[in-house]
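When you get a sec, could you build the whole thing from the sequences and use the hints?
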Amino acid sequence: MITKELLKDYANKLMFDMKDEEYQTLLKEFDVILKQMDLISNIEGINQVEPMTFPFELQDVELRKDENIRTITKEDALSNTDSKMGNEIRVPKVVE
Amino acid sequence: MSYLDKTIAEIKLSLDKNETTVSSLTTEAIERAKDYQEKLNSFVTITEDNAKNQLDNLDSVKDSPLKGIPYALKDNFSTKGILTTASSNILKDYVPFFNATCVNKLYNKGAILIGKTVLDELAMGGTGTTGHTGPVKNPWNAKRLIGGSSAGSASAVASGIVPFSIGSDTGDSIRKPACYGGIVGYKPTYGLVSRFGLFAFASSMDHVGCFTRSVLDSAIVTDAIKGKDEKDMTTFDSSNINLTANINNDIKGKKLFYIKELVDRNNYQDDMDEELDQILINFDLIKEKCKNLGMTIEEVSIDKNLLKAIFPTYITISCAEATSNNSNLTGIIFGPRGAGDNINEIMFNARTKGFSELIKRRFVLGSYILQKENQEKLFLNAGRIRRLIVDKMTTLFKEYDAMILPATGSIAPTFRKEDIDKLSDRYLLLENHMAIANFGGFPSITIPSGFVHNMPIGINITSGIKQDEKLLNIANKIENALTYKGQIAGGEN
Chain A
1 MITKELLKDY ANKLMFDMKD EEYQTLLKEF DVILKQMDLI SNIEGINQVE PMTFPFELQD
61 VELRKDENIR TITKEDALSN TDSKMGNEIR VPKVVE
Chain B
1 MSYLDKTIAE IKLSLDKNET TVSSLTTEAI ERAKDYQEKL NSFVTITEDN AKNQLDNLDS
61 VKDSPLKGIP YALKDNFSTK GILTTASSNI LKDYVPFFNA TCVNKLYNKG AILIGKTVLD
121 ELAMGGTGTT GHTGPVKNPW NAKRLIGGSS AGSASAVASG IVPFSIGSDT GDSIRKPACY
181 GGIVGYKPTY GLVSRFGLFA FASSMDHVGC FTRSVLDSAI VTDAIKGKDE KDMTTFDSSN
241 INLTANINND IKGKKLFYIK ELVDRNNYQD DMDEELDQIL INFDLIKEKC KNLGMTIEEV
301 SIDKNLLKAI FPTYITISCA EATSNNSNLT GIIFGPRGAG DNINEIMFNA RTKGFSELIK
361 RRFVLGSYIL QKENQEKLFL NAGRIRRLIV DKMTTLFKEY DAMILPATGS IAPTFRKEDI
421 DKLSDRYLLL ENHMAIANFG GFPSITIPSG FVHNMPIGIN ITSGIKQDEK LLNIANKIEN
481 ALTYKGQIAG GEN
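Those sequence lines, one after another, are chains A and B. If you read the first sequence in the working numbering, its first letter stands for residue 1, the second for the next number, and so on. If you read the second sequence in the working numbering, its first letter stands for residue 1, the second for the next number, and so on.
Keep in mind that the hints were calculated from the coordinates and are not lab data. Bear in mind that the values here come from a model prediction, so they are computed numbers and not experimental data. Cβ atoms here follow ideal geometry from the backbone N, Cα and C, with glycine treated the same way.
With beta-carbon atoms standing in for the labels, derived distance ranges:
#1 I2(A) x S239(B): 47 to 55 angstroms
#2 K231(B) x K8(A): 32 to 40 angstroms
#3 S83(A) x T21(B): 43 to 51 angstroms
Okay, here's the thing in structure tokens:
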């Protein structure tokens with residue numbers, strides 16, 4: 001059974017939280033979603049099918065040459081961060 | 001009638017005859033974008049400075065069918081030096097330092113970018129109501145939505161601001177808003193157009209495509225942006241595909257099919273209303289038109305349970321892929337940064353504040369689907385359903401040239417809270433079938449086919465992979481047999 005605590009755990013695993021009322025909305029939504037999801041499992045012989053992860057087999061895939069190409073400058077890499085120091089993105093100390 | 005109201009092919013002729021100028025077209029497009037913004041909210045950014053720069057440098061661009069044609073771009077395509085938000089607060093200040101491949105191609109062909117359009121946040125939604133700058137309105141009736149996720153790109157073309165725009169399509173995000181807006185929406189075969197620079201939603205189903213006001217224009221735009229790209233390893237060599245050159249081929253003897261269960265009135269006894277009735281009558285009319293054009297059209301039956309699984313399969317695969325694809329949105333490399341004493345708190349708070357409620361709900365669903373205990377039942381079974389559907393369609397496309405169906409089971413909804421039953425056959429069958437083309441990467445196009453309650457409706461045509469020439473050829477002939485080519489909301493047509 002889906003509970004608010006479970007949903008909060010799923011959200012926290014993806015590193016965000018929601019408001020209480022938003023969890024309530026989501027709980028109601030899950031009632032419908034789970035019924036829709038049942039439609040996936042109720043197909044005869046489904047277990048014998050290999051899951052598909054890509055639209056079709058690619059016919060002309062080739063490996064790129066193993067060349068060292070600089071694709072991004074320091075200035076570009078730093079251009080969208082809110083906090084930087086010198087040539088680096090600044091974050092709080094990671095290793096205590 | 002302004003030259004801007006014409007199709008790309010017509011505008012180009014007028015430019016070549018010096019009846020109008022690129023400068024006046026661009027100026028008018030930007031004026032319209034500004035004038036309609038309050039009413040429609042099509043744009044996140046109107047790129048006036050970029051348009052001026054492109055105009056200043058246009059002499060150095062060699063001639064092409066798109067040279068001097070103004071266009072709009074969904075705001076989930078990277079544009080160098082131009083704000084690109086994906087209509088999300090978590091990217092509200094993000095300015096890319098490179099162009100998406102299709103943007104570079106359009107730049108090199110001389111198409112003039114006049115604005116970045118509003119989408120459902122991170123392209124995850126079908127209503128055009130969840131962008132961080134507000135909902136997009138339908139130019140045919142501003143009390144109704146235009147659909148999403150490529151909402152602003154659809155409304156910009158439907159309202160006559162630009163003759164074409166670029167969108168992305170993961171479930172039906174080009175083809176549904178095209179239907180609601182009375183215009184053409186085309187999603188080519190997966191890999192025909194590079195996805196490099198498009199913000200990923202569900203990579204195995206994301207497609208780049210276009211909105212236009214004629215099928216020929218869709219061919220012209222796609223011929224300009226297609227091609228193998230070393231930055232997207234799923235692209236293929238399409239130098240043997242020429243959509244524009246084959247648009248008028250003879251279609252006599254082509255074989256079409258439709259899926260019985262999707263248009264069978266017996267399936268909608270509980271859901272039937274005048275709107276759906278009119279849509280099904282319109283489809284019967286289109287079938288007759290196809291026969292009059294010399295094509296055959298046959299009914300094919302597919303297991304209804306498999307068809308009802310299309311929407312949940314789409315939701316399962318897309319939400320699961322999206323949770324992974326959007327894990328880079330941490331607020332650290334691109335702002336706005338969250339508050340906190342350590343890196344985890346910073347990321348946690350940035351994501352809590354930066355994502356809207358709807359996106360969070362979709363991510364939680366993705367997280368649920370990917371929990372170890374649910375993977376077999378949900379994620380892997382969805383992949384199995386995907387294969388069953390794609391295999392069935394691939395078999396059918398060996399016998400038939402294309403599938404034809406109503407694009408949706410309703411006209412554009414109003415902004416009132418939805419009261420549609422999400423477990424009804426109407427919702428699960430006719431409202432959400434177009435994801436079939438994303439499962440298999442099939443080329444798929446929506447063209448306008450009539451009006452119900454003064455709102456446009458459309459038909460959707462889909463072919464086998466890499467059969468884009470044939471698809472556009474058939475769609476072009478059907479369009480020519482109807483009277484909706486080039487129509488603009490509130491226009492003379």
